[in-house]
Amino acid sequence: MKQINKTLKLLRRSPYQALAAALAMSLTFFISSLFIVLIIGGQIVLNFIEQRPQVIAFFKDDVNQEKINKIIDEVKTNSQVKEVKYVSKEEALAIYRERNKDDPLLLESVTADFLPASIDISVYKVGDIGTVTGLVKDRAEVDKVITPENLVSELTKWTKTIRVGGIILVSTLLAISFLIIVMVIGMRIAIRREEISIMNLVGATRWFISRPFFIEGALYGVIGATIAIFFVYSILLFYSPKIQQFLGPIRIFPISPLFFIYLWVSEVVVAVTIGVLGAIIALYRYLKI
Amino acid sequence: MIQFEGVTKKYSDDLALDDVSFKIDAGQFVFIVGPSGAGKSTLLKLITRETLPTSGRILFNGEDITRLPANKIPVLRRRIGTIFQDFKLLLTRTVFENVAVPLEVLSYKDQEIQKEVSAVLQKVGLEGKGNNFPVQLAGGESQRTAIARAIISKPEVLLADEPTGDLDPKNASAIVELIEKINKEEKTTVIMATHNAHIVNTFKKRVITLSQGKIANDEKEGRYEAN
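Just so you know, the protein sequences line up as chains D and F, in that order. Numbering-wise (the working numbering), the first sequence opens with residue -8 and increments by one. Numbering-wise (the working numbering), the second sequence opens with residue 95 and increments by one.
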């Protein structure tokens, strides 16, 4: 604690350099946090879509139950199919009413006859959607088949892009933060050259002289990561109702505070490592005793 | 206590010390005299291991410090107090904080630091000046602060490199009197490099005269006639 207080006292003597280093760290970890949230959010959306019935086949109105059951049995025998669920006209109406319960206009004059019976087919692998669609698409009893295949592949592509882009951007920012810390600590060593030479002369060990710089590097990390998490948490808290409204049934919010605690701890560990590494390089480069 | 055995020190082509040998016993007060460039400061730097000799041995209490591993150098330096002509005080620290530096290095607790610094400030005649910054001090007071810093950790040897160089004659005498008092009371070995003939001739101590890197003279109660 005494060492931290001493280091804070030194930081107050030249606050602008300290501010630059802490802000660089904050920016890096703020953007990193946003990307992490985006990637995890994207994965949740993807999982949600993948878990939904991937193929929905609507039957023509005149198809009788016997024919429908035969089709269901045939589809079930396919090894790529995970589950087949029949939705009758009445069940379709119940779902429709549930979804539109807040809009009486849409409920008026809609009866079961308006809605087709259908089967919801789930597959084990998203890649099998095309094959399974082929099982029902050309049958005379089937009116229309809808699949989210394109949406899934599009989302997968976007998630990958965000991941790669995020890694490149965050790596660049990490490198910039690292260099700023090397520069700031190097300047501090130069400013304290006289003090270091006196300490050296009165018998201070290299570790004793270096310790405040290590603490300084680590402090930049802790401060930077904490500011970043604070802002990300605040922004998400503020915009969560709007984002949730946009996402509809995909539940992302509220994000557990535990997630932010884990994120903060992980970022502090990474940031402190960068701070200390920066200090090591600066000391190696500039501390001549 | 300190023994030089055939010590030569070259800086590139310049010969700072040339085959210098002498022995200083514990508790002695020795002036190292000679004109600028005679090798006085180099000699002191060799004792603190700020530099290494080109050849020869330097024994500190029987241990050859030229062979000291790097991690043992701080331990050697804690046994030596050093004062300089330009005081080398930290301008952003108060007198108290400057004097406390060696104790911080030795990881003393705050209470102990408070006690020790107060005692040493009283010893060097700086009581009541603890909260002053170096810029608020007169030359003599600055050197007293440097002396307080040098002796606070009770070193075995006190090295003084031209400590009176920036002082008027009255303050110069007062500073050497203080160093002599420390030498007598604390039994601290003192090695003082100077070219102040008046000081050397007044205090009548052992005088080692250096000339062009060689020992020109070594007298028990020597004199120095500056040219």
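Honestly, the hints are just simulated from the structure, not real lab data. Built from N, CA and C at the ideal position, the CB exists for glycine as well. Among the hints, a few may not be true.
Straight-line distance between alpha carbons at most 30 angstroms, and here's what the computed DSSO-like set of lysine-lysine pairs gives [as the list claims (entries may be wrong)]:
1. D:Lys279 to F:Lys139
2. F:Lys275 to F:Lys203
3. F:Lys298 to D:Lys279
4. F:Lys209 to D:Lys(-7)
5. D:Lys(-7) to F:Lys117
6. D:Lys(-3) to F:Lys299
7. F:Lys275 to F:Lys298
8. D:Lys(-7) to F:Lys217
9. D:Lys51 to D:Lys(-3)
10. D:Lys(-3) to F:Lys217
11. F:Lys298 to D:Lys(-3)
12. D:Lys0 to F:Lys117
13. F:Lys314 to F:Lys248
14. F:Lys166 to F:Lys298
15. F:Lys209 to F:Lys275
16. F:Lys314 to D:Lys279
17. D:Lys0 to F:Lys223
18. F:Lys223 to D:Lys279
19. D:Lys(-7) to F:Lys248
20. F:Lys203 to D:Lys(-7)
21. F:Lys104 to F:Lys275
22. D:Lys(-3) to F:Lys166
23. D:Lys(-3) to F:Lys278
24. D:Lys0 to F:Lys209
25. F:Lys298 to D:Lys0
26. F:Lys299 to F:Lys117
27. D:Lys279 to F:Lys166
28. F:Lys248 to D:Lys(-3)
29. F:Lys182 to D:Lys(-7)
30. D:Lys116 to D:Lys58
31. D:Lys0 to F:Lys203
32. D:Lys73 to D:Lys61
Simulated restraints on C-beta separations [as the list claims (entries may be wrong)]:
33. D:Leu268 to F:Gly259: 42 to 52 angstroms
34. F:Gln216 to D:Arg4: 41 to 51 angstroms
35. F:Asp108 to D:Ile182: 25 to 35 angstroms
36. F:Glu221 to D:Ser162: 53 to 63 angstroms
37. F:Glu157 to D:Ala181: 31 to 41 angstroms
38. F:Asp107 to D:Arg4: 34 to 44 angstroms
39. D:Tyr7 to F:Glu319: 49 to 59 angstroms
40. F:Gly259 to D:Ile271: 37 to 47 angstroms
Structure-based check of each hint:
{"no.": "1", "hint": "D:Lys279 to F:Lys139", "in the structure": "holds, 16 angstroms"}
{"no.": "2", "hint": "F:Lys275 to F:Lys203", "in the structure": "holds, 28 angstroms"}
{"no.": "3", "hint": "F:Lys298 to D:Lys279", "in the structure": "violated, 40 angstroms"}
{"no.": "4", "hint": "F:Lys209 to D:Lys(-7)", "in the structure": "holds, 19 angstroms"}
{"no.": "5", "hint": "D:Lys(-7) to F:Lys117", "in the structure": "violated, 43 angstroms"}
{"no.": "6", "hint": "D:Lys(-3) to F:Lys299", "in the structure": "violated, 44 angstroms"}
{"no.": "7", "hint": "F:Lys275 to F:Lys298", "in the structure": "holds, 14 angstroms"}
{"no.": "8", "hint": "D:Lys(-7) to F:Lys217", "in the structure": "holds, 29 angstroms"}
{"no.": "9", "hint": "D:Lys51 to D:Lys(-3)", "in the structure": "violated, 80 angstroms"}
{"no.": "10", "hint": "D:Lys(-3) to F:Lys217", "in the structure": "holds, 28 angstroms"}
{"no.": "11", "hint": "F:Lys298 to D:Lys(-3)", "in the structure": "violated, 46 angstroms"}
{"no.": "12", "hint": "D:Lys0 to F:Lys117", "in the structure": "violated, 46 angstroms"}
{"no.": "13", "hint": "F:Lys314 to F:Lys248", "in the structure": "holds, 26 angstroms"}
{"no.": "14", "hint": "F:Lys166 to F:Lys298", "in the structure": "violated, 36 angstroms"}
{"no.": "15", "hint": "F:Lys209 to F:Lys275", "in the structure": "holds, 21 angstroms"}
{"no.": "16", "hint": "F:Lys314 to D:Lys279", "in the structure": "violated, 40 angstroms"}
{"no.": "17", "hint": "D:Lys0 to F:Lys223", "in the structure": "holds, 23 angstroms"}
{"no.": "18", "hint": "F:Lys223 to D:Lys279", "in the structure": "violated, 33 angstroms"}
{"no.": "19", "hint": "D:Lys(-7) to F:Lys248", "in the structure": "holds, 25 angstroms"}
{"no.": "20", "hint": "F:Lys203 to D:Lys(-7)", "in the structure": "holds, 10 angstroms"}
{"no.": "21", "hint": "F:Lys104 to F:Lys275", "in the structure": "violated, 36 angstroms"}
{"no.": "22", "hint": "D:Lys(-3) to F:Lys166", "in the structure": "holds, 26 angstroms"}
{"no.": "23", "hint": "D:Lys(-3) to F:Lys278", "in the structure": "violated, 37 angstroms"}
{"no.": "24", "hint": "D:Lys0 to F:Lys209", "in the structure": "holds, 23 angstroms"}
{"no.": "25", "hint": "F:Lys298 to D:Lys0", "in the structure": "violated, 47 angstroms"}
{"no.": "26", "hint": "F:Lys299 to F:Lys117", "in the structure": "holds, 15 angstroms"}
{"no.": "27", "hint": "D:Lys279 to F:Lys166", "in the structure": "holds, 17 angstroms"}
{"no.": "28", "hint": "F:Lys248 to D:Lys(-3)", "in the structure": "holds, 25 angstroms"}
{"no.": "29", "hint": "F:Lys182 to D:Lys(-7)", "in the structure": "holds, 25 angstroms"}
{"no.": "30", "hint": "D:Lys116 to D:Lys58", "in the structure": "holds, 27 angstroms"}
{"no.": "31", "hint": "D:Lys0 to F:Lys203", "in the structure": "holds, 18 angstroms"}
{"no.": "32", "hint": "D:Lys73 to D:Lys61", "in the structure": "holds, 17 angstroms"}
{"no.": "33", "hint": "D:Leu268 to F:Gly259: 42 to 52 angstroms", "in the structure": "holds, 44 angstroms"}
{"no.": "34", "hint": "F:Gln216 to D:Arg4: 41 to 51 angstroms", "in the structure": "violated, 30 angstroms"}
{"no.": "35", "hint": "F:Asp108 to D:Ile182: 25 to 35 angstroms", "in the structure": "holds, 32 angstroms"}
{"no.": "36", "hint": "F:Glu221 to D:Ser162: 53 to 63 angstroms", "in the structure": "holds, 59 angstroms"}
{"no.": "37", "hint": "F:Glu157 to D:Ala181: 31 to 41 angstroms", "in the structure": "holds, 35 angstroms"}
{"no.": "38", "hint": "F:Asp107 to D:Arg4: 34 to 44 angstroms", "in the structure": "holds, 43 angstroms"}
{"no.": "39", "hint": "D:Tyr7 to F:Glu319: 49 to 59 angstroms", "in the structure": "holds, 56 angstroms"}
{"no.": "40", "hint": "F:Gly259 to D:Ile271: 37 to 47 angstroms", "in the structure": "holds, 40 angstroms"}
When held up to the earlier numbered hints, the structure conflicts with 3, 5, 6, 9, 11, 12, 14, 16, 18, 21, 23, 25, 34 and fits the remainder.
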